[in-house]
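If you're matching them up, the sequences are chains A and B in order. Throughout the first sequence, residue numbering follows our numbering, covering 1 to 350 in sequence. Throughout the second sequence, residue numbering follows our numbering, covering 1001 to 1596 in sequence.
One thing to keep in mind: the hints can contain errors.
Calculated cross-link-like contacts (lysine-lysine; reagent style DSS-like; alpha-carbon spacing at most 30 Å) [to be verified]: (1) K1533/B to K70/A; (2) K158/A to K1552/B; (3) K1552/B to K262/A; (4) K1537/B to K15/A; (5) K1482/B to K17/A; (6) K1423/B to K7/A; (7) K1552/B to K160/A; (8) K1500/B to K70/A; (9) K7/A to K1435/B; (10) K1537/B to K17/A; (11) K17/A to K1500/B; (12) K1500/B to K160/A; (13) K276/A to K1533/B; (14) K7/A to K1482/B; (15) K7/A to K1581/B; (16) K299/A to K1552/B; (17) K1552/B to K297/A; (18) K276/A to K1552/B.
Please keep in mind that the hints were generated in silico from the structure rather than gathered at the bench.
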Amino acid sequence: MSYVRPKFRHPELPKNKLGYTIDYYEGTLSTLCAGCGHDSISAAIIQGCYEMNIEPHRLAKLSGIGCSSKTPAYFLSNSHGFNSVHGRMPSVATGANMANRDLIYFGVSGDGDTASIGMGQFVHAIRRNLNMVYIVMNNGCYGLTKGQDSATADAGSKNKTGQVNLFESIDLASLAIELGATYVAQSFSGDKAQLVPLIKAAMKHPGFAFINVISPCVTFNNNVGSTKSYDHVRQHVEATATMDFVPEMQEITTSYGEGSTKQVKMHDGSYISLHKLSEDWDPLDRQSAMNAVLNAKAKNEILTGLLYVDPQTEDLHHLLQTSDKPLNTLTKEELCPGSEALKDINAGLR
Amino acid sequence: MKPTDIKDPEYFHKVVDCQYACPAHTPVPEYIRLIAAGKYTEAYMINWDSNVFPGVLGRTCDRPCEPACRRGRVDEEPVAICRLKRVAADNKDDVKKFMPQGPFTPNGKKVALVGAGPASLTVARDLAPLGYELHLYDEQKKGGGFMRSQIPSFRLPETVLDEEVNYILDLGIHTHFNQYVSSLKELLSKDYDAVFVGSGAPKGRDLDIPGRKEASANFHIGINWLANVAFEHTNKIGKNVIVLGGGNTAMDCCRTARRLGGQNVKVIVRSPFAEMKASPWEKEDAMHEDIPIIDNHVPKSFVIEEGKLKGMMFEKVHAVYDDAGKRKLVPTGEAEVFYPADDVLCAIGQENSFPWIERDLGIEFDKWELPTVDLVTHASTNPKVFFGGDAAWGPKNVITAVAHGHQAAVSINNFCQGIDLNKRLDPMVNLVSAKMGIHEWSYDSEVVSDDRYVVPQADKKLTLSNRKKEVELGFNRLTGFKEAERCLNCDVQTVFTESKCIECDACMDVCPTACITFTENAEEESDLRNMLKMPAKNKTQDIYVSDTLPTKRVMVKDENVCLHCGLCAERCPTSAWDMQKFFYNVTKTHTGCHKN
C-alpha cells in the first residue's frame, strides 16, 4: 500500500492574509475513484477558502450520504463538520445556523441526496433562504451503488450498460430559481477558473447560495452517450459570462469592451464582476435567468456561470428577527431576564 | 513551446539530479534501493561498475551528488548518498566472483599507464578484460596514488584502499612500483601501443613571503607532508602548528597534525569562512577536533628568532564584492597579528607538473604548462598519448578521475582497434513501468519525513591518539535502511501520454508540491514558466510540456520539486500518467561485471 500523501509541499507556497499556505485548507487524501470530478470540486473549495482568507474554525461543512457527501473529509480538515443522514443535511444546517449565525455553512450534497431522498428538505431550505452555500456535485448517477440513473440523469442519456434513461431529469438550477433561491449558479468540475469565483461569491452571499456542479462519474457515467461525461460536457458547455469575484476595497484593473461588463455589488461592498455577458440575460432578473436556462436547454447546451443573484436579500435570521448575537452565546442572564421582566411581558398581554 | 522529447535519454537523466551531477553518472537511486532491500553486494557492484572505488568513495568522495539531491530542495538536508555507498561496501558479501575473471585472452596490444591513481586504475580495469597487456608505473611502493598519499588513514583505512586497488591489480596488471617515470620519450620508445598519463597534480604551491627561506626546516608543503606521513617517513610535529589554506588538503593536514603531537593546531585562511574551498563536513570534523579556523587572515611573513621559526604575522582583511560579484580581499587597516608556530603546513593549492615530458614529442602545452587535451576523447596532440585525472585539467577529485578513466579507456580501445575516437557508444538506457497493482509500485513510493541521519563517530580520545583509527563508524544496517528510505527515487519517472488524458485535473489536484498545471501554451519558455500553478522559477530544472490536448491546453510539469510519490499516476483514471523506472548507464569498454 503506497497511497499516502507526502508531508512536503512546494517550498515557495504563498501565504494568504492570515499567514496560511494553501495546505492548511487541505483535507485527508481522497478515497474516491481516480479521476472523480468531486475531487476537482474539493480542490476548488480549498482554493476558494484559501483565497478568501477564511479562518477554518469559522466554517462548518455539512453533508448527507453519497460519494459527494464523503468529500468534506477531503477538504478543510481544520473546520467543523457534520456528516448527517441521507438527504437530511438541510435540517442539520438549519439547526446549526439558527444556533450560531456567525459561522459560514458549507453544505455538500449529490444528485441522489438532493434530487431524490432529500428533495423535501432541499426545497424548504431554499424557501427559508437559509444563509448557507449549497453545492450539488451532480453526476447523474448513483456512483456509490454502482451507477444507476439518478433523478438528474437527462432523458435519452445512455448509461454505462447501454440503457437509455426514459425519464425527464430534474433541473436543479431552474428549480432553485423557481423556488426563489437568491444565488443560483451552475458549473463544471473541470472548470476551476469559473468554479472558484462562484464559490467565493457564494460564501459572501447573505442567503441561500446554490451551485449545481456537473461532476462526471469517471467509473459509471463517463461513457459515450452520457450527457454527464467529461467529453459531452466540454462539447456542450456555454457560459452566461466570464466571472471574477472582487473582494472589497480592491481596485478593478481588468478592462473589457464597453457594454459587455456588469458589476454586481454584494451587501458587504465586494463585487461580482461579469464580462462577455450572453445576450438577453440580466443576472439580477429572475425571469431572464429562467429564460436563459430554458433556451440553453432547448439548444442542448449546458448553461454555466452565475445564473441569478439577489445581492440585497435577507436571510432566515432576518425574517425571523432573531437576536443579532448567536443563540449559542447567549447567557442565562440574557435568556432568563427574571421575574420582573416576566411581569412586564404579562402586563403587556393583559 | 514544443512538446518535450522524452525519447532523448538526457531529459530523464537530468531529472535524476544526483546521477546527473556525478561525474561518473553512477545510478544512485538504483543502488540506494538495493541497500534498502538489504542487497548490499548488488548495490556494491552497481557502484563498482560505475565508480570503481565504492569503499573509498563512500568515505572520501567530494559528493557533487548531495548538493544536487532533490531532497535538499524540499527538505532541510539531502540524502546522505555518500555514506550510504559505504553501507554497501561495509556489508557486501564476496564480490570478486561478480567481477571479470582472468586470465583474459591477450589481444596483442600493450598500454602503459603512468601513475597508479584512480584514473590509471580505472583505465586498467576497463581495458584488462579486453585482453590488453597493461603496465602500471608509480614512484610509490603501492598503488592508489593520491588516495593513498593524501587521504589520511583516519578517513580511509589502508585495508579498504588495498582491497579495492587489488581488485584491479588482480586482473593481471603488470605493476612497476617504486619506479618514477622520468622520461616519456623513453617510455614511448618501448613498444607500447598507447600511453595513458594519470600522474595527478603533484606539485604543492609554495609561499613566497619574507622569512620563508629561514623557516625552511619547519615549513612543509601540505601534500608532500601528508605523503611522508602516509609512508611513515614522518611521525611527529611541533606543539604549535599553523596550517595555511582553506581546502580539503588543509583539513587533512590539520587533523593529521593533531594526531602527530600538534596540541595547538590552527587553520588560518585568507578567505571568509563561508567561502573556503573545503567541504562543509570536513570543516566540521576539523573543528570537532578542537582546531580553530581563523578566516580573513593573509600571511605576511615568518617570524624567525635566533634562526628558529617562532610564528607568523598576518594581515586582517575583509571581503569586498564588485558589481559582477567578484571578490577582493581588502585590508582592514588593523595592525598585523602574530600567531606562534613550531611548524607551518602549507596547503594553499597544488599544480600540475610535467618535468618528465619532453617538449618535442608532439604534445602541445599551453601557457600554464598544461597539455592540450580533448575534452571528450582525452587525447593529447600526440595520437598515442592520453591524459586523465588531475593530470589532464588540474586538481579535481577521485570521482572525476574515475570518470576520466572510463572515457580514456574507450578512446584507447578505439585507437588501438583503429576506430575513430569520436565514435562512442550511447549510454545504456531502459524505461519500464513500475506499476504492480492499484496502489502497488515496484518502489517504495511513500515519502518519509525523517531528517538526515548523522554518521556516528568513534570517541575523540581514541581517534586523536591513533593516526590509523578511523573516525567515522559508518551507518549500521538499520540506520542505513532508514537513510536509504529518504531517497525520493527520482529515477522512477513521471511519464505522461497525452492521448490517454481526459483532462479531469485529478493529477493537478493531488500533487502535493503543485508541479502539474494544465494551461494554454505559450511561445516562450519563460512565459510558460510563469503561467503555472506555482511559477517554475528554478531555471536549472526543466519543465515537461505535453503535446496539445483536446481542450487546446497542454500539460506542463515543473520537475523542480516533484517528489516522485506517484500520486499523479495513482489518481489518474486512464493511466495517462505512469511511473516508469529509468535506468541510465554510461557505456564503458567493459560492463565491469561478470555474469555468473
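Here's how the hints hold up against the structure:
Of the pairs offered as hints, the one joining K1533/B and K70/A holds, with about 26 Å between alpha carbons and a cut-off of 30 Å not exceeded. Between K158/A and K1552/B the alpha-carbon distance is near 27 Å, which keeps this suggested pair within the 30 Å criterion. Simply put, K1552/B and K262/A have alpha-carbon atoms about 28 Å apart, close enough for the 30 Å limit, and the pair holds. For the proposed pair K1537/B and K15/A, the alpha carbon gap of about 17 Å is at most 30 Å, so the pair holds.
A hinted pair counts as satisfied when its Cα atoms are at most 30 Å apart, and K1482/B with K17/A does not qualify at roughly 39 Å. Simply put, K1423/B and K7/A have alpha-carbon atoms about 47 Å apart, too far for the 30 Å limit, and the pair is violated. Simply put, K1552/B and K160/A have alpha-carbon atoms about 27 Å apart, close enough for the 30 Å limit, and the pair holds. Restraint check for K1500/B and K70/A: satisfied, since their Cα atoms lie roughly 28 Å apart, inside the 30 Å limit.
Using a Cα cut-off of 30 Å, the hinted pair K7/A and K1435/B holds, with the two alpha carbons roughly 23 Å apart. At most 30 Å may separate the alpha-carbon atoms for a hinted pair to count; K1537/B and K17/A meet this at roughly 23 Å. Pair hint K17/A plus K1500/B does not hold up; C-alpha atoms about 40 Å apart against a cutoff of 30 Å. Only pairs whose Cα atoms come within 30 Å are accepted, and K1500/B paired with K160/A is accepted, the gap being roughly 19 Å.
A C-alpha spacing of about 25 Å is found between K276/A and K1533/B, which places the hinted pair at or below 30 Å, so the restraint holds. Straight-line distance between C-alpha atoms of K7/A and K1482/B comes to about 17 Å, which keeps the hinted pair within the 30 Å bound. Distance restraint check for K7/A and K1581/B: the Cα-Cα separation of roughly 23 Å lies within the 30 Å cut-off, and the hinted pair is therefore satisfied. Straight-line distance between C-alpha atoms of K299/A and K1552/B comes to about 24 Å, which keeps the hinted pair within the 30 Å bound.
Annotation: proposed proximity of K1552/B to K297/A holds, straight-line Cα distance about 26 Å (limit 30 Å). Between K276/A and K1552/B the CA atoms are separated by roughly 21 Å; this keeps the pair inside 30 Å, and the hint holds.
Checked against the numbered hints listed earlier, the structure breaks hints 5, 6 and 11; every other hint is satisfied.
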